[in-house]
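**Q** Residue-level listing of the chains:
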Amino acid sequence: MALELALQSVGYRYRGGYEAVSGVELALQPGIVGLLGPNGAGKSTLMRVLSTLAKATTGRVLWRGEDIARKPDALRRELGYLPQDFGVYEALSAREFLAFLAAVKGLPARSVAARVDECMGMVGLGEVADRRLGGYSGGMRQRVGIAQALLNDPKLLIVDEPTVGLDPEERVRFRHLLAELAGERLVILSTHIVSDIEASAGTLAVMANGTLRFHGTPEVLMAAAEGHVWNLTIPSEQLAEMRARLRISRAQRRAHGVEVRVVGELAPSADAQPVAPDLEDAYLWLLQRHGAQS
Amino acid sequence: MAAAAPWGAIVNRLRAVAAVLVADLRQRLRTPRFWLLVAGLAALMWWCFPAADRDFLTVSVGDGMRGRYSSAWIGMVVALMYSTTLSLAGFYLVRGTLVRDIETRAWQLLVATTMSRAAYLLAKWLSHLVVFLLVMAAGLAVGLLVQWLRAEDLRIDLVELVKPVLVLTLPSLALTAACAVWFDLVPWLRRSAGNVLFFVLWVMLMTLGVSQADQRPDAPMPFPGDPHGLLLAEHDLSRDWPAIDPGKELGLSIGTQALQDKPPVLLEWNRWTPDAGGLRARGFWSGLALVVLALAVPLLDRCAAHVGSPGKARGDGARLRWLEALLAPLQRSAFGALVAAEVRLVLRPRRAWWWLALLVALGVQAFAPDKAMVVAMIAAWMLALDAFARLVLREQETGTAALVFTAPDMRRRLLAVRAVVAIGLAWALVLPALLRLAWSHPQAALAAVVVGVSLAAWGLATGAVFRNGRVFELLALAAAYVSVQGALVLNVVIDPMTTLRWHLLTLPLALVVLTLGWWKQPAFAR
Chain F
1 MALELALQSV
11 GYRYRGGYEA
21 VSGVELALQP
31 GIVGLLGPNG
41 AGKSTLMRVL
51 STLAKATTGR
61 VLWRGEDIAR
71 KPDALRRELG
81 YLPQDFGVYE
91 ALSAREFLAF
101 LAAVKGLPAR
111 SVAARVDECM
121 GMVGLGEVAD
131 RRLGGYSGGM
141 RQRVGIAQAL
151 LNDPKLLIVD
161 EPTVGLDPEE
171 RVRFRHLLAE
181 LAGERLVILS
191 THIVSDIEAS
201 AGTLAVMANG
211 TLRFHGTPEV
221 LMAAAEGHVW
231 NLTIPSEQLA
241 EMRARLRISR
251 AQRRAHGVEV
261 RVVGELAPSA
271 DAQPVAPDLE
281 DAYLWLLQRH
291 GAQS
Chain D
1001 MAAAAPWGAI
1011 VNRLRAVAAV
1021 LVADLRQRLR
1031 TPRFWLLVAG
1041 LAALMWWCFP
1051 AADRDFLTVS
1061 VGDGMRGRYS
1071 SAWIGMVVAL
1081 MYSTTLSLAG
1091 FYLVRGTLVR
1101 DIETRAWQLL
1111 VATTMSRAAY
1121 LLAKWLSHLV
1131 VFLLVMAAGL
1141 AVGLLVQWLR
1151 AEDLRIDLVE
1161 LVKPVLVLTL
1171 PSLALTAACA
1181 VWFDLVPWLR
1191 RSAGNVLFFV
1201 LWVMLMTLGV
1211 SQADQRPDAP
1221 MPFPGDPHGL
1231 LLAEHDLSRD
1241 WPAIDPGKEL
1251 GLSIGTQALQ
1261 DKPPVLLEWN
1271 RWTPDAGGLR
1281 ARGFWSGLAL
1291 VVLALAVPLL
1301 DRCAAHVGSP
1311 GKARGDGARL
1321 RWLEALLAPL
1331 QRSAFGALVA
1341 AEVRLVLRPR
1351 RAWWWLALLV
1361 ALGVQAFAPD
1371 KAMVVAMIAA
1381 WMLALDAFAR
1391 LVLREQETGT
1401 AALVFTAPDM
1411 RRRLLAVRAV
1421 VAIGLAWALV
1431 LPALLRLAWS
1441 HPQAALAAVV
1451 VGVSLAAWGL
1461 ATGAVFRNGR
1471 VFELLALAAA
1481 YVSVQGALVL
1491 NVVIDPMTTL
1501 RWHLLTLPLA
1511 LVVLTLGWWK
1521 QPAFAR
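Sequence order for the protein chains is F and D.
Taking this note's numbering, the leading residue of the first sequence gets 1, the next gets one more, and so forth.
Taking this note's numbering, the leading residue of the second sequence gets 1001, the next gets one more, and so forth.
None of these hints come from the bench; they were simulated from the model.
The structure presented is a predicted model; accordingly, all values stated were derived computationally and were not measured.
Cβ atoms here follow ideal geometry from the backbone N, Cα and C, with glycine treated the same way.
Some hints could be false.
Straight-line C-alpha distance at most 30 Å; calculated DSS-like pairs for lysine-lysine [as the list claims (entries may be wrong)]:
| id | chain 1 | residue 1 | chain 2 | residue 2 |
| --- | --- | --- | --- | --- |
| 1 | F | Lys-55 | D | Lys-1520 |
| 2 | F | Lys-71 | D | Lys-1520 |
| 3 | F | Lys-71 | F | Lys-55 |
| 4 | F | Lys-71 | F | Lys-155 |
| 5 | F | Lys-55 | F | Lys-155 |
Have a look at the derived ranges for each label pair, beta carbon to beta carbon [claimed, not checked]:
| id | chain 1 | residue 1 | chain 2 | residue 2 | range |
| --- | --- | --- | --- | --- | --- |
| 6 | D | Arg-1100 | F | Asp-67 | 33 to 41 Å |
| 7 | F | Tyr-18 | D | Ala-1438 | 29 to 37 Å |
| 8 | F | Gln-273 | D | Arg-1100 | 38 to 46 Å |
| 9 | F | Gln-84 | D | Leu-1504 | 44 to 52 Å |
| 10 | F | Glu-66 | D | Leu-1299 | 53 to 61 Å |
| 11 | F | Gln-84 | D | Ala-1438 | 48 to 56 Å |
| 12 | F | Pro-108 | D | Arg-1100 | 35 to 43 Å |
| 13 | F | Arg-243 | D | Arg-1411 | 44 to 52 Å |
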């Protein structure tokens, strides 16, 4: 069966009645899929559904044609998952913890040691592999989380806000790693930071208020914002007023004022220059069109 | 304006206390489980008021005597029952709220405000007391219902009903609430060690009360008496009923007393008038609770800095190279590797004193006479109480559920691993005794094997259902305490076949509870 993850009208309603995800339709093939959306858009809930930690309350999710609610193990065998928040066993070393999770994932015992070493190397933890996790920094733990997701060489890799807690250097390294890993697998990267995915994602899915607002390539998203992004320079004292009135994607202080990039239906002023949108502008324009807060 | 400023500061402090108190209570009271527990405890109170034609008493005096069910006597029964039982069980019920603030880092948000440390701790203590008051109010409501239904004395007197609870029980529970704050605060008391230590403390305080008892009708009330108010109750009942059994002491008894086909003798008691000395004694214990609480204030910041899992609070533990050698063969299979990891996680965080205590217990099991051997067996099981109680909670406590339960078939496999480790641990801890008994007393050895399985199963089951280890820890400690004194629960030598039979009978229930609880855990369901 082809490597495909299909979401058919997937929805998730919490017990209190709050509908976090509603009517999501997606068909995802190998490559990096960037799942973008503001905080509270429903991304993490959708990630939990896709990783079999929660069952969709409506619709269904098919992995290689199998309903994951009925046969979760079909997906779990090929899944690597890095949740947004996770804990570790602090009394174990990173190597022991990964060996434990390798056993959890059902890796053959004889290949565990080599695979653990390989994954530790991929995330740059080879030299501290025997230190207890209790002594690891937040960024190092995050890297352990990434390593554990790779242990079973997953065909479906789901990473939820993976760069939170990483320093800029680690963040860049992680992006490169993800790009290398993509190949023949499906990588779903959920984030609210556009720069995390702008260079690597071949497909984007944008969520807001629990629903899917866009699914397509970054180029299509950017093309949709064409003619809705302007550049202008204003006196710095006008910046606050402009922020309140317009959606500003970027502001940079210059010698003669503040250069702002504005996203909107109409030009903010007569002297505003139309510019080609980048992914961040296009994302903001999409949210603005749908009345969502970034 | 100058006069208004201090007043405003006081109001602000009170508002801060109220805000923490309300938030804390919301967090506790918004779970159906809490209200079920309150209803359950209230229902148990019904059992404390048997009808006159029943063959047992729960609170009695002399030989088969009790007060007629007036408001005053019902209030006294409720007060005595809660003063003794809730002062123990209540600790396990209310503790954990500070730990939650510290572990969830909510404490960091509070630290950054102008709220004083004293106000914060006072709010937590008050929150514990409000929970106790809710439980007691439910018990008193049941008492009122009893008074109406039993119709032995239909004059409702709310002041007399509530008075014993306020005078006797409240100081006792105030002390328990202060202990709950302390045990949440001190890092090494936050979990099982604290639960065990509080049980020991409670037994000591109980013994303190009993050891001071002088039940002659004219005996003075010792100051300050006992924290639970038993001495005061006995003193005042003895004063009010000087002639129920001439020449003998009153014999106040709390707990089931069989009447052996005799109807109970009902005594009139409509009013309780504690004297100034008695009130001073109760005031002393209330004051002591506040002092204990105040002593925690300077430690708050230092203790709260110990954030993180217990493993971190306790340090990384020993490397245990001998254990690695033992576990090496297990690594050859996936199931064995999981077992090995569990064993490491259970044993590594243990400190030197734990290993020393275990060594002593194993030595006593191997060489001491039978009586001491049984005590050493029970002690060894209690040493691993936290493992039995919390093994099933590991993912919840370490936040690893999302990593572990996204693996195929993991619920079933992990449950099997945990069961193997828990049972293996229960047997390993009493191995010398098992070997000795297998030779000299095979039935007792068999009983020990079954008790080991039962401890493991009930530990896992209660953890899965209640999602904390405290319930099992309390039950197991109580079972250990009575077993050391000769009860059959964990004592496998006195009447091994009865012990074995009872454990075998309850085992299927434990397995059903475990299965339901484990599969219903929200971390990996919806």
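**Q** Quick one: are Arg-1100/D and Asp-67/F within 33 to 41 Å, going by C-beta?
**A** Between Arg-1100/D and Asp-67/F, where Cβ atoms are some 38 Å apart, the hint holds.
**Q** Could one say that the CB atoms of Tyr-18/F and Ala-1438/D fall in the range 29 to 37 Å?
**A** The hint (29 to 37 Å, Cβ to Cβ) is violated, given that Tyr-18/F and Ala-1438/D are roughly 59 Å apart.
**Q** Check the hint pairing Lys-71/F with Lys-1520/D against an upper bound of 30 Å on the C-alpha distance.
**A** holds (18 Å)
**Q** Run the distance test for Lys-71/F versus Lys-155/F: straight-line Cα separation, threshold 30 Å.
**A** Given pair Lys-71/F, Lys-155/F holds - Cα atoms ~17 Å apart, limit 30 Å.
**Q** Does the Cβ-Cβ separation between Glu-66/F and Leu-1299/D fall within 53 to 61 Å?
**A** holds (56 Å)
**Q** Are Pro-108/F and Arg-1100/D spaced within 35 to 43 Å by their CB atoms?
**A** 41 Å Cβ-Cβ, so the 35 to 43 Å window holds.
**Q** For a C-alpha distance cap of 30 Å, please report whether Lys-55/F and Lys-155/F respect it.
**A** holds (21 Å)
**Q** Please test the hint of 44 to 52 Å on the beta carbon pair from Gln-84/F and Leu-1504/D.
**A** With a Cβ separation near 46 Å, Gln-84/F and Leu-1504/D satisfy 44 to 52 Å, so the hint holds.
**Q** Please work out if Lys-55/F and Lys-1520/D have their alpha carbons no farther apart than 30 Å.
**A** Holds. Lys-55/F to Lys-1520/D sits at ~13 Å (cutoff 30 Å).
**Q** CB of Arg-243/F to CB of Arg-1411/D, is that within 44 to 52 Å?
**A** Holds, at about 50 Å.
**Q** Taking 30 Å as the top limit, are the C-alpha atoms of Lys-71/F and Lys-55/F close enough?
**A** Holds. Lys-71/F to Lys-55/F sits at ~12 Å (cutoff 30 Å).
**Q** Does the hinted range 38 to 46 Å hold for Gln-273/F and Arg-1100/D at CB?
**A** violated (54 Å)
The structure fails hints 7 and 8 (numbered hints given earlier, in ascending order).
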